[in-house]
Structure formats: structure tokens, C-alpha cells
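Chemist: Sequence:
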Amino acid sequence: DKSPVGRAVCVLLSEFLDMTTGELVHVDGGYHAMGTELPPAE
Numbered sequence: 038d039k040s041p042v043g044r045a046v047c048v049l050l051s052e053f054l055d056m057t058t059g060e061l062v063h064v065d066g067g068y069h070a071m072g073t074e075l076p077p078a079e
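Read in order, the letters of the sequence shown are residues 38 to 79 in the working numbering.
Bear in mind the hints are in silico, worked out from the structure with no lab data behind them.
We treat Cβ as the ideally placed atom computed from N, Cα and C, and that holds for glycine.
Heads up, a few of these hints could be off.
As the list claims (entries may be wrong) - Cβ pair distances, simulated, as ranges:
(1) GLU52 / GLU79: 34 to 44 Å
(2) ALA45 / MET71: 27 to 37 Å
(3) TYR68 / CYS47: 33 to 43 Å
(4) GLU52 / GLU74: 32 to 42 Å
Construct the complete structure from the given sequences, taking the supplied hints into account.
Modeler: So, in C-alpha cells, the structure goes:
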């Protein structure tokens with residue numbers, strides 16, 4: 038499902054975050070924050 042990534046892109050391109058520059062945004066369901074490994078690709 039690519040919709041979470043699409044929504045994140047829409048927010049970054051909107052005027053809501055007009056003062057945000059040079060950020061790395063993880064859209065991975067919290068895996069990065071928890072430090073767990075991603076499940077193997079099917």
C-alpha cells in the first residue's frame with residue numbers, strides 16, 4: 038500500500054509545512070522508531 042507515502046508527499050508539498058527544509062521523513066509504520074527489522078519482502 039503506497040497511500041501513506043503519497044499522503045506524506047502531499048503534506049510536504051502543501052503550505053502546512055512551508056518552513057520545513059532538509060528533513061528526512063520515515064513513512065514505515067513506526068519500524069524506524071522502534072528499531073525493529075522490516076519483514077521479508079514477499
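Chemist: Does the Cβ pair TYR68, CYS47 satisfy 33 to 43 Å?
Modeler: Hint violated: Cβ distance 22 Å, outside 33 to 43 Å.
Chemist: Per the hint of 34 to 44 Å, is the separation of the Cβ atoms of GLU52 and GLU79 within bounds?
Modeler: holds, 38 Å
Chemist: Assuming the hint says 32 to 42 Å, is it satisfied by the Cβ distance from GLU52 to GLU74 or not?
Modeler: holds, 36 Å
Chemist: When you take the CB atoms of ALA45 and MET71, is the distance between them in 27 to 37 Å?
Modeler: violated, 18 Å
In summary, the structure is inconsistent with hints 2, 3 from the numbered list given earlier, while agreeing with the others.
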